[in-house]
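Protein chains in written order, with this note's numbering: chain Y, 44 to 297; chain E, 5 to 258.
Since the hints were derived computationally from the structure, they do not count as laboratory data. Among the clues, some could well be false.
Covered stretches of chain Y, as calculated for chain E (at least 3 residues, CB under 8 Å) [unchecked claim]: (1) 54–65; (2) 146–158; (3) 176–186.
Within a straight-line C-alpha distance of at most 25 Å, the following computed PhoX-like cross-link-like pairs (lysine-lysine) qualify [to be verified]: (4) K47/Y <-> K266/Y; (5) K134/Y <-> K15/E; (6) K176/E <-> K47/Y; (7) K195/E <-> K100/E; (8) K290/Y <-> K56/E; (9) K266/Y <-> K134/Y; (10) K15/E <-> K288/Y; (11) K266/Y <-> K127/Y; (12) K15/E <-> K289/Y; (13) K176/E <-> K100/E; (14) K64/E <-> K287/Y; (15) K127/Y <-> K290/Y; (16) K56/E <-> K288/Y; (17) K56/E <-> K47/Y; (18) K290/Y <-> K100/E; (19) K287/Y <-> K176/E; (20) K47/Y <-> K204/E; (21) K287/Y <-> K15/E; (22) K289/Y <-> K204/E; (23) K170/Y <-> K95/Y; (24) K15/E <-> K290/Y; (25) K289/Y <-> K56/E.
Glycine is no exception: its CB is placed at the ideal position from the N, C-alpha and C atoms.
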Amino acid sequence: MFSKPFWRQVRSLTRANLKSRYRKTFAGFIWVVLNPVILFGVHSLVFQQFLKLEVPNYLIFLLTGLLPWIFMLQSLEMCTSIFKTSGALLKAYPAHPLVYLTSQLADNLINFLAAFVLILVPLLSIKHFSPLGFFLLPLPIMAMAIGVFGMAWWLATAQVFWGDTRYIVSFAMNVTFLLTPVFYPVNFIPEYLRWIVVVNPFYHLIAPFRIALYEFHLELFMKYLMHSFVVSIFLLLSAAWFWKKKKNEFYLYV
Amino acid sequence: MSDDIILGITKLNLVFRLDLHRSMSWKAAFARAVSNPLSALTAERDRFHVLKDISFQVRKGERVGILGVNGAGKTSLCRCIAGIFRPTTGSISINKPVRAVFNTQVGIKPELTGRENAELLAQFVYPDESNHSELINEALEFSELGNFIDIPFQNYSNGMQTRLCLSLISAKPAHLLILDEVYDGADAFFKEKVSKRVLKLIEESGAVLFVSHDAEQIRRVCTRTIILNHNQIVFDGLPQEGLAFFQTLKPIQS
Chain Y
44 MFSKPFWRQV RSLTRANLKS RYRKTFAGFI WVVLNPVILF GVHSLVFQQF
94 LKLEVPNYLI FLLTGLLPWI FMLQSLEMCT SIFKTSGALL KAYPAHPLVY
144 LTSQLADNLI NFLAAFVLIL VPLLSIKHFS PLGFFLLPLP IMAMAIGVFG
194 MAWWLATAQV FWGDTRYIVS FAMNVTFLLT PVFYPVNFIP EYLRWIVVVN
244 PFYHLIAPFR IALYEFHLEL FMKYLMHSFV VSIFLLLSAA WFWKKKKNEF
294 YLYV
Chain E
5 MSDDIILGIT KLNLVFRLDL HRSMSWKAAF ARAVSNPLSA LTAERDRFHV
55 LKDISFQVRK GERVGILGVN GAGKTSLCRC IAGIFRPTTG SISINKPVRA
105 VFNTQVGIKP ELTGRENAEL LAQFVYPDES NHSELINEAL EFSELGNFID
155 IPFQNYSNGM QTRLCLSLIS AKPAHLLILD EVYDGADAFF KEKVSKRVLK
205 LIEESGAVLF VSHDAEQIRR VCTRTIILNH NQIVFDGLPQ EGLAFFQTLK
255 PIQS
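Whenever a hint applies, use it, and build me the whole structure from the sequences.
Rendered as structure tokens:
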């Protein structure tokens, strides 16, 4: 499945996605990064200035939760309908459906990294980051990308068979945002309700990313990174299982 | 399977589950369940046998015309061979890569230009080749689209879209080539021009499956004809005899 031609097709389609997105726009790339930048600004204003959340270095704390969240939210919302919207192409030229999903995800990942760097650079002056945390940052990003790929694969396949899926995703993501420690720390949640984050895959995908930049501690980082990879690989394998179960009927309904 | 046999199909059956396509409200579903509680157990009624017990072989050098009225199963058969549809039962053996084209009016990224779409299309039609530039330039020149090459694909007429796609897909021979009503949409002048090129392509390819409603084309191109009727093979033999047999089927269908 993941052969050389597969990756060549993904690369070409990702490049085409980026080109088509910026074409005929005056500010081009800025529009894509402006959305997370504005969301970051508004969240920091509301939670730091209005609600006065007492979290040290709140801007860094928020950045390390909100940016990964936006990446995951946009990826899942855009990828859920990807098989359905690519139906005519899937039936016209024999190419693996995951080419379309992977290139959409790659497109979102590039935008996420660009927005992340754009916000992080000015913050470098207000906090000292651990160089080791910085160096290890690609690992939680990789775990997050694998986990989101698994979830997106699940949802995009489900959408082919059940048209309600994308509506449920949209609703579920709004609810999950409030239940995930993105803009508040996990210790704000009472002990008896902590199970909510334990069963929340988004929390496990965000946690090592936050530890690497916000409060780096190698032992803690490795522990949460392991959790993150376990969750990601579970999501990926379960999506592959679901795909295998459904692939015989997939093209009939796409 | 000997080297001489390029394609072998044994007892191929393809069944669609129509109940998954049917749009039904909760109210209607409830009413159906109440009025006919056994409906869940009699789901067999909701299945559509698209291909029934199809068996044949294609040898090197054969050019097989596939004929049949609309809905006979021609495209579904070709999609099974191309690996797009997975048969419900039966087997398909192919010892060489297949190049299949089912729709010549689909732009991978319609908002990008014709040239950019040709570059993308080349990745999907010729996945095993890493350098497509020479092939794309030759195809663009053949298409005679002139300055239209650099305007968005979505602004093309159906005929122009067909010109671009046909020029590209007919650029190189294949081991097993599947062409499914590929001339649809092309104007008379271009149809004549591309027909010569497709004929050359067919002669240079290992074997060809050619789906068309045009009796003259079948007569000119093919060395053998398979006729599908009511989703099964009803004739397999020489084109001249096949076309005569096909004429006898038409009044029954109409």
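Now for the hints, and whether the structure bears them out:
1. Given as covered by chain E, the stretch 54–65 of chain Y passes the check, having 6 residues with a CB less than 8 Å from a CB of that chain where 3 are the minimum.
2. Closer than 8 Å: that is the beta-carbon criterion, and the stretch 146–158 of chain Y has 0 residues meeting it against chain E, so the requirement of 3 is violated.
3. A stretch counts as covered by a chain when three or more of its residues have a beta carbon under 8 Å from one of that chain; for the stretch 176–186 of chain Y and chain E the count is 0, and the coverage is violated.
4. Restraint check: the Cα-Cα separation between K47/Y and K266/Y comes to about 34 Å, which exceeds 25 Å; the hinted pair is violated.
5. A threshold of 25 Å between alpha carbons decides the hint, and for K134/Y with K15/E the separation of about 23 Å falls inside it, so the pair holds.
6. Pair hint K176/E plus K47/Y holds up; C-alpha atoms about 20 Å apart against a cutoff of 25 Å.
7. Taken as a hint, the K195/E and K100/E pair is broken in the structure, with Cα atoms around 29 Å apart against an allowance of 25 Å.
8. With a C-alpha separation of about 21 Å, the suggested pairing of K290/Y with K56/E holds against the 25 Å cut-off.
9. For a cut-off of 25 Å, the pair hint linking K266/Y to K134/Y is broken: about 44 Å separates their Cα positions.
10. Under the criterion of a C-alpha separation no larger than 25 Å, the hint pairing K15/E with K288/Y is consistent with the structure, at around 23 Å.
11. Pair hint K266/Y plus K127/Y does not hold up; C-alpha atoms about 38 Å apart against a cutoff of 25 Å.
12. Straight-line distance between C-alpha atoms of K15/E and K289/Y comes to about 22 Å, which keeps the hinted pair within the 25 Å bound.
13. Pair hint K176/E plus K100/E holds up; C-alpha atoms about 15 Å apart against a cutoff of 25 Å.
14. Between K64/E and K287/Y the alpha-carbon distance is near 33 Å, which puts this suggested pair outside the 25 Å criterion.
15. Proximity of K127/Y to K290/Y is assessed by CA-CA distance (about 14 Å); at most 25 Å being required, the pair is judged to hold.
16. Between K56/E and K288/Y the CA atoms are separated by roughly 23 Å; this keeps the pair inside 25 Å, and the hint holds.
17. At roughly 36 Å between alpha-carbon atoms, K56/E and K47/Y are farther apart than 25 Å, so this suggested pair is violated.
18. For the given pair, K290/Y sits about 23 Å from K100/E by alpha-carbon distance, which is consistent with the 25 Å threshold.
19. With a C-alpha separation of about 33 Å, the suggested pair K287/Y and K176/E falls outside the 25 Å cut-off, and the hint is violated.
20. Of the pairs offered as hints, the one joining K47/Y and K204/E is violated, with about 30 Å between alpha carbons and a cut-off of 25 Å exceeded.
21. For the hint pairing K287/Y with K15/E, the CA-to-CA distance comes to about 23 Å; that is within 25 Å, so the pair holds.
22. Proximity of K289/Y to K204/E is assessed by CA-CA distance (about 40 Å); at most 25 Å being required, the pair is judged violated.
23. Of the pairs offered as hints, the one joining K170/Y and K95/Y holds, with about 20 Å between alpha carbons and a cut-off of 25 Å not exceeded.
24. Between K15/E and K290/Y the alpha-carbon distance is near 21 Å, which keeps this suggested pair within the 25 Å criterion.
25. For the hint linking K289/Y to K56/E, the alpha-carbon distance of about 22 Å falls within 25 Å, and the restraint holds.
When each numbered hint is compared with the structure, violations occur for hints 2, 3, 4, 7, 9, 11, 14, 17, 19, 20, 22.
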